[in-house]
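Enquirer: Kindly generate the complete structure, drawing on both the sequences and the hints.
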Amino acid sequence: MTTQHTTDTEVETIELDCTGLLCPLPVYKAALALGRLQPGERLRLITTDPGALQDVPAMARQRRDTLVSVDSTAGHQTFVIEKGPEQ
Amino acid sequence: MTQTQTHDEATPLAEAPPRSKRIAIVASKGTLDGAYPPMILASTAVSLGWEAGIYFTFYGLDILHAERFEKLKVASLANPAGPIQLPNLLGAIPGATAAATKVMRKWMRDARMPSIPEFIDMTQDLGVRFFACATTMGVMGVEESDLIPGADIAGAAAFLDYAADADVSLFV
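Taken in sequence, the protein lines are chains S and W. Just so we're aligned, residue 3 is where the first sequence starts under our numbering, counting upward by one. Just so we're aligned, residue 8 is where the second sequence starts under our numbering, counting upward by one.
Since the hints were derived computationally from the structure, they do not count as laboratory data. Note that this is a predicted model, so its numbers are computed, not measured. Treat each hint with caution, since some may be false.
As the list claims (entries may be wrong) - Listed next, with one range per pair, are the computed distances between beta-carbon atoms:
| hint | chain 1 | residue 1 | chain 2 | residue 2 | range |
| --- | --- | --- | --- | --- | --- |
| 1 | S | Val13 | W | Leu84 | 26 to 36 Å |
| 2 | W | Ala106 | S | Thr68 | 41 to 51 Å |
| 3 | W | Ala105 | S | Glu88 | 41 to 51 Å |
| 4 | S | Leu34 | W | Glu77 | 18 to 28 Å |
| 5 | W | Leu84 | S | Leu55 | 31 to 41 Å |
| 6 | S | Gly53 | W | Gly148 | 22 to 32 Å |
| 7 | S | Ser71 | W | Gln131 | 33 to 43 Å |
| 8 | S | Ser71 | W | Glu77 | 40 to 50 Å |
| 9 | S | Thr75 | W | Leu96 | 46 to 56 Å |
Claimed, not checked - Result set (DSBU-like, lysine-lysine): computed pairs, CA atoms no more than 35 Å apart in a straight line:
| hint | chain 1 | residue 1 | chain 2 | residue 2 |
| --- | --- | --- | --- | --- |
| 10 | W | Lys78 | S | Lys31 |
| 11 | W | Lys36 | S | Lys31 |
| 12 | W | Lys28 | S | Lys31 |
Every residue, glycine too, gets a C-beta built ideally from N, C-alpha and C.
Expert: What follows is the structure, given as C-alpha cells:
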C-alpha cells in the first residue's frame, strides 16, 4: 500500500495503489483503508481491474461513503472516495 | 419460559440504530474452484459493511478442515470448463486432477489472488461467521478438533435462524 498524504484540496487524502489486483482485493483493501479514516477524509484509489468501475461506486453506495470523482484512462481507474459518517 | 421481555421505554424503537445488511451463504463444494466464490462474496460483503455468515456443509466442510483446506483440488473429470480440458476418458487417468489443480493454483498465484487459507484468515479477521454442519461432521466422521478454530458447529435450524434475517442468501 502506498500512502501519500496530500493537502492539495484542503482535505486529508491518502492514496491506495491496487493496480494489478482483481476482485475482491481492491474493494477489500479500500474498505480497510477507509476504516482507518475519519469522516470527511478522502481515499484516492488506483485500480486496473475493469470491474472496479462498477465495484467501487457500489462499495461507496453500500458503505455510505461519497464517490467524489472517477477517472478512467489507459486501463487505469482513479477514484476519490470521501468517507461518510461512522455507522 | 415464564419470563416476559419488555422494551426499555428509555430507548424507543424509533431511535434504534439501523441494522447492518446481512448475507448468508451455503458452501457445499469442497473443490478448490468451488471454495473461491463463497470466500470472495463473504470478504466483499464485510468490506461493504455487511454481516456475513457461511454454512459449510457436505463437501464444503473441507474448506474448514485443518488438514484438507490447503489441499483442495480441481476435478479433471466431468469438468469441461476446468483448467485443463480433457475428454472424460483422459480426465480419469492418474495425475490429471493434480495437473488441473496445479494449473489453477498457478492462475490464482499469477493473478495475486489469496489462497483459500489466506481467505479464511481475511474473512475471520473481519468477523465473518463460520458454521460447520453438524450432520456432515457426524456422517463423514469429522471431529471438532479436525476443523480450524473459530467455527460454530450447528445444524440447519441455527443457519436458518441466521439466514432469516439476511438480505441476501446464496447456495454455492
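Enquirer: If a hint holds in the structure, say so; if it does not, say that too.
Expert: Status of each hint after checking the structure:
1. Taking 26 to 36 Å as the suggested C-beta distance range, the pair S:Val13 and W:Leu84 does not conform, at roughly 56 Å.
2. Take W:Ala106 and S:Thr68: their Cβ atoms lie about 48 Å apart, and the range 41 to 51 Å holds.
3. For the pair W:Ala105 and S:Glu88, the supplied restraint of 41 to 51 Å holds, since their beta-carbon distance comes to about 49 Å.
4. A C-beta distance of roughly 24 Å is found between S:Leu34 and W:Glu77, which places it inside the suggested range of 18 to 28 Å.
5. With their beta carbons about 38 Å apart, W:Leu84 and S:Leu55 fall inside the hinted range of 31 to 41 Å.
6. Look at S:Gly53 against W:Gly148: about 41 Å separates their beta carbons, and that is not inside 22 to 32 Å.
7. Our hint of 33 to 43 Å for S:Ser71 and W:Gln131 holds, since their Cβ atoms are close to 34 Å apart.
8. Judged by the Cβ atoms, the range 40 to 50 Å given for S:Ser71 and W:Glu77 holds: they are separated by roughly 42 Å.
9. Separated by about 50 Å at the C-beta atoms, S:Thr75 and W:Leu96 satisfy the suggested range of 46 to 56 Å.
10. A hinted pair counts as satisfied when its Cα atoms are at most 35 Å apart, and W:Lys78 with S:Lys31 qualifies at roughly 26 Å.
11. Of the supplied pair hints, the one linking W:Lys36 and S:Lys31 holds, its CA atoms being roughly 27 Å apart against a limit of 35 Å.
12. Between W:Lys28 and S:Lys31 the alpha-carbon distance is near 20 Å, which keeps this suggested pair within the 35 Å criterion.
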